[in-house]
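A.B. asks: Construct the complete structure from the given sequences, taking the supplied hints into account.
Protein sequence lines, in the order shown, are assigned to chains A and B. Sequential numbering from 1 applies to the first sequence in the working numbering. Sequential numbering from 1 applies to the second sequence in the working numbering.
The hints are simulated quantities; they were obtained by calculation from the structure and are not laboratory data. Certain hints may be false.
Identical copies go unnamed one by one, so any copy, or any two together, can satisfy a pair.
Here are the computed lysine-lysine pairs in the DSSO-like style, where the Cα-Cα straight-line distance is at most 30 Å [to be verified]:
| # | residue 1 | residue 2 |
| --- | --- | --- |
| 1 | K362 | K163 |
| 2 | K362 | K2 |
| 3 | K163 | K370 |
| 4 | K4 | K370 |
| 5 | K390 | K370 |
| 6 | K370 | K269 |
| 7 | K362 | K183 |
| 8 | K370 | K2 |
| 9 | K226 | K4 |
| 10 | K390 | K226 |
| 11 | K163 | K390 |
| 12 | K269 | K4 |
There are 2 protein chains.
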Amino acid sequence: MKFKIVARILGLLLIFLAVAMLLPIPFSLYYGDSDYIALLISSGISLSVGIIPLLIRKNEKEKKELRAKEGFAVVTLAWIVFSAFGALPFVIDGAIPSYTDAFFETMSGFSATGATILTDVEAMPHGLMFWRSLTHWLGGMGIIVLSLAILPFLGVGGMQLFKAEVPGPVVDKLSPRITETAKILWSVYVLFTAGETILLMLGDMSFFDALCHSFGTMATGGFSTKNASIGSYGSAYIDYVIFIFMVIAGTNFSLHYRMLKGSFRAVWKSEEFRFYISIIIGATLLIGIDVYARNYTNIFETLQYTLFQVAAIITTTGYGTADYETWSSSSQAILFLLMFVGGCAGSTGGGMKVLRFYLLFKFVYSEIVKLIHPQAIVPVRIGGTVVDRKVMTNIAGFFVLFMIITGFGIIIMSYMGLDFPSAAGAVAATINNIGPGLGQVGPTDNYAFIPTGGKWLLSFFMLVGRLEVFTVIILLAPSFWRK
Amino acid sequence: MKFKIVARILGLLLIFLAVAMLLPIPFSLYYGDSDYIALLISSGISLSVGIIPLLIRKNEKEKKELRAKEGFAVVTLAWIVFSAFGALPFVIDGAIPSYTDAFFETMSGFSATGATILTDVEAMPHGLMFWRSLTHWLGGMGIIVLSLAILPFLGVGGMQLFKAEVPGPVVDKLSPRITETAKILWSVYVLFTAGETILLMLGDMSFFDALCHSFGTMATGGFSTKNASIGSYGSAYIDYVIFIFMVIAGTNFSLHYRMLKGSFRAVWKSEEFRFYISIIIGATLLIGIDVYARNYTNIFETLQYTLFQVAAIITTTGYGTADYETWSSSSQAILFLLMFVGGCAGSTGGGMKVLRFYLLFKFVYSEIVKLIHPQAIVPVRIGGTVVDRKVMTNIAGFFVLFMIITGFGIIIMSYMGLDFPSAAGAVAATINNIGPGLGQVGPTDNYAFIPTGGKWLLSFFMLVGRLEVFTVIILLAPSFWRK
Chain A
1 MKFKIVARIL GLLLIFLAVA MLLPIPFSLY YGDSDYIALL ISSGISLSVG
51 IIPLLIRKNE KEKKELRAKE GFAVVTLAWI VFSAFGALPF VIDGAIPSYT
101 DAFFETMSGF SATGATILTD VEAMPHGLMF WRSLTHWLGG MGIIVLSLAI
151 LPFLGVGGMQ LFKAEVPGPV VDKLSPRITE TAKILWSVYV LFTAGETILL
201 MLGDMSFFDA LCHSFGTMAT GGFSTKNASI GSYGSAYIDY VIFIFMVIAG
251 TNFSLHYRML KGSFRAVWKS EEFRFYISII IGATLLIGID VYARNYTNIF
301 ETLQYTLFQV AAIITTTGYG TADYETWSSS SQAILFLLMF VGGCAGSTGG
351 GMKVLRFYLL FKFVYSEIVK LIHPQAIVPV RIGGTVVDRK VMTNIAGFFV
401 LFMIITGFGI IIMSYMGLDF PSAAGAVAAT INNIGPGLGQ VGPTDNYAFI
451 PTGGKWLLSF FMLVGRLEVF TVIILLAPSF WRK
Chain B
1 MKFKIVARIL GLLLIFLAVA MLLPIPFSLY YGDSDYIALL ISSGISLSVG
51 IIPLLIRKNE KEKKELRAKE GFAVVTLAWI VFSAFGALPF VIDGAIPSYT
101 DAFFETMSGF SATGATILTD VEAMPHGLMF WRSLTHWLGG MGIIVLSLAI
151 LPFLGVGGMQ LFKAEVPGPV VDKLSPRITE TAKILWSVYV LFTAGETILL
201 MLGDMSFFDA LCHSFGTMAT GGFSTKNASI GSYGSAYIDY VIFIFMVIAG
251 TNFSLHYRML KGSFRAVWKS EEFRFYISII IGATLLIGID VYARNYTNIF
301 ETLQYTLFQV AAIITTTGYG TADYETWSSS SQAILFLLMF VGGCAGSTGG
351 GMKVLRFYLL FKFVYSEIVK LIHPQAIVPV RIGGTVVDRK VMTNIAGFFV
401 LFMIITGFGI IIMSYMGLDF PSAAGAVAAT INNIGPGLGQ VGPTDNYAFI
451 PTGGKWLLSF FMLVGRLEVF TVIILLAPSF WRK
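C.D. replies: Dropping the structure here:
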């Protein structure tokens, strides 16, 4: 492990975080809150600590190129460091007195999970409220990806860093240069965020709330500035605007880029995109029929709430307009399974990703055909090309590992005193980066009551989910540290 | 598909079932019950129907050898036919008036699940009670395996039939001849059943109850002759005898054979066996610590109930001495996960099998190592030999398919009105062939209240679980029926 290079990159990223912490200050001042002080202090601390590794004398003999394993280490550590320092403003201000709670909230922010320990969101001062939503936005498209886009000197080993933060099964390079790809992704992201903000303001939302909710949508995060989340507006217009942008955020961003360049055919040709839309339509129909007579009085209301909730869960945003725990248990079961599906590969959505599920279905079918015709060679194809065996094996391994972690997670959360649906809900809602779960951590509840150990574990799950499991887990393997 | 040969084999097996139906009659007569009439009539019906395909003129030109796909079709159909006709005595006698209920109970019997729709087991006449336990015993080691052992003319395509009924990831041939292997397996099975019966009688159990409970143990079935299952005896001796035989029944029978031939080293050298024992010890410790202060007054009582319940679940027997729903939610979560682990490959236990889990853990680790060292070749090994890639891929596919079926099963059972833990419990308890689940289908409940459609679906899951998924599911693939 080239510890010096790792430390230098982390130092650079920390300075970058210190700058980001200054962005909420105008809002603090505008609304006459005093939380800008905590933001300034935290920014100063982050800056001071970030400079230290840069002062260490460079060892010119060391190669600058990062190996795969260093890429994983840098990215995982960067996310931990960001959450550790990003939590400071909340603690210093006193808005969240417990450091554990502040770390949980910040990791929930950066990982675009949206699980909160706040019992009264609206009591938060505006600077910190903005910071909370900004963590979503920075983490949603990826801190490292952003750094690659705007800090060209990170180009050293940029590909390794990119692959560790965006580890999806298939890398869709939009440009041969990784910094160029990062710039494209972030430009599309900024564009959509601006568009949603304007559309929400047209629906009589304040600029502040519109911006924060757009951050939460495009990152598929879910933090709201309101205690009752999006439901507090009671506006079909706002519901549908956010619904559309949730679906956009859960789509592969390289498709958006292609579409913006005029290639609509690329979008419709994407098997993953069609599968994604089919699941949304299918789940909406199944749940809609179920909740129509039971919970709502007419079809329009049913459609509004069902579409929103299905998109909020599958894209792993986690915004709420309805208390789905009042829906029937079958509708809840469908939502619970959708939690694991998640957004498309290359989107800001969490979960296991639509592409992985699509390929797993094809993989299982190919195994069945192999049993029928033992001599046949049955490759898995997508978009007309054969999926490499190594990629398929990796996806299967991903699924198994994801399930093992979820299983053990449920046992440990049960030890913390949660009943079975709540434990399953808490683990699913964090490892899939959704936010609200089931039972005691349902859409109208929060994570405040979870014991300290549980909050750290769930924070770990959010990290594991955001970095798609392997990037984090390999750091725990003994052979990672062996020479 | 060679329909004529398939029909002839099914006819032969049905005649075999007709003979088996006569075995409970002595018990009916001894206890002065009148249910022997229903058994005789059912036997007559099975015999008459079974003869029909044998009367069709043989087509000498057809090759007698079965292809893989015919093996799968014969075995799946045989299990359905056995349950369909095996249910007749209950309906004809009137002990179970509904045919749906009787089919559920019989499939639960043959598949060694042990889920019951009976609200008062003890009201059942003795002949039918014996028949109910006998279905466990016949299905536990395998109807087809038994047929191969005693009906040499089935040798035609015997290997294909054997592989379809005992589809474990690795075939451990005890003899180059498949009929020889079947004979060995059944001899060991009979020996242990006899041994357990004697030991239970030494604990003051009647011969009838001892035999029925031995059938239920060695098949890892779980039907009891008592309403309160094994708990009704309140005897530590009986609990430990059954505990030991449950562990034996969940062990690979080829290991027993080797041990009986004096090779104790083979047992201890088996990585799967060591993993199996480690899980039992680990789970007992975790649960024991949890329930010690909460539910029991001393260590001996804790150990007695915990060991029994852990073994009853992991081996998928499903006998009960304690109402584990009064245990904490973490202990219940551990038991829920153990349901999926199941017995060893080549045992009578259900579930996904210890060997598959063991290899999946190794597979995931090899995927992690591959990420650290992208150029390395990292095969999965067991017992010093490399596991073939095809086998490993098949196991991964098995796991994915198992989870997909479980997920959809939970949704459908929720539609039937079950809450989330009950739906998850009902699906897990049937697809893993356990019996009791959680919530409304917990250890003190039964399946009587499930709607008709749910009973048929759960019966299907029992079949899917017993034949290890692929054998049944490939019959649903369109390419199975294509020429």
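A.B. asks: 30 Å Cα cut-off: does K370 pair with K2 within a copy, between copies, both or neither?
C.D. replies: Only across copies: K370 and K2 sit 20 Å apart there, 45 Å inside one copy, limit 30 Å.
A.B. asks: Cα distance capped at 30 Å. Does K163 pair with K390 within a copy, between copies, both, or neither?
C.D. replies: For K163 and K390, both the intra-copy (16 Å) and inter-copy (28 Å) Cα distances are at most 30 Å.
A.B. asks: For K362 vs K183, is the C-alpha pair at or below 30 Å within one copy, between two copies, both, or neither?
C.D. replies: neither (34 Å within a copy, 39 Å between copies)
A.B. asks: With identical chains treated as interchangeable, where does the CA-CA distance between K362 and K163 reach 30 Å or less: within a copy, between copies, both, or neither?
C.D. replies: both (25 Å within a copy, 24 Å between copies)
A.B. asks: Checking an output row: K226 and K4, CA cutoff 30 Å. Within, between, both or neither?
C.D. replies: neither (44 Å within a copy, 70 Å between copies)
A.B. asks: For the identical chains here, do K390 and K226 meet the 30 Å Cα criterion within one copy, between copies, both, or neither?
C.D. replies: neither (46 Å within a copy, 53 Å between copies)
A.B. asks: As a check of your reading, is K370 near K269 (CA-CA no more than 30 Å) within one copy, between copies, both or neither?
C.D. replies: Classified as within: same-chain Cα gap 28 Å, cross-chain 32 Å, threshold 30 Å.
A.B. asks: First find the shortest C-alpha distance between K362 and K2 inside one copy, then the shortest across copies, and answer within, between, both or neither for a cut-off of 30 Å.
C.D. replies: between (40 Å within a copy, 29 Å between copies)
A.B. asks: Could you figure out if K390 and K370 sit no more than 30 Å apart (CA to CA) within one copy, between two copies, both or neither?
C.D. replies: both (18 Å within a copy, 10 Å between copies)
A.B. asks: Reference check for the pair K269 and K4, CA-CA at most 30 Å: within, between, both, or neither?
C.D. replies: neither (46 Å within a copy, 46 Å between copies)
A.B. asks: Are the CA atoms of K163 and K370 at most 30 Å apart within a copy, between copies, both, or neither?
C.D. replies: For K163 and K370, only the inter-copy Cα distance (15 Å) is at most 30 Å; the intra-copy one is 33 Å.
A.B. asks: For K4 and K370, with the copy left unspecified, which applies at a CA distance of at most 30 Å: within, between, both, or neither?
C.D. replies: between (50 Å within a copy, 25 Å between copies)
Checked against the numbered hints above, the structure breaks hints 7, 9, 10 and 12 and satisfies the rest.
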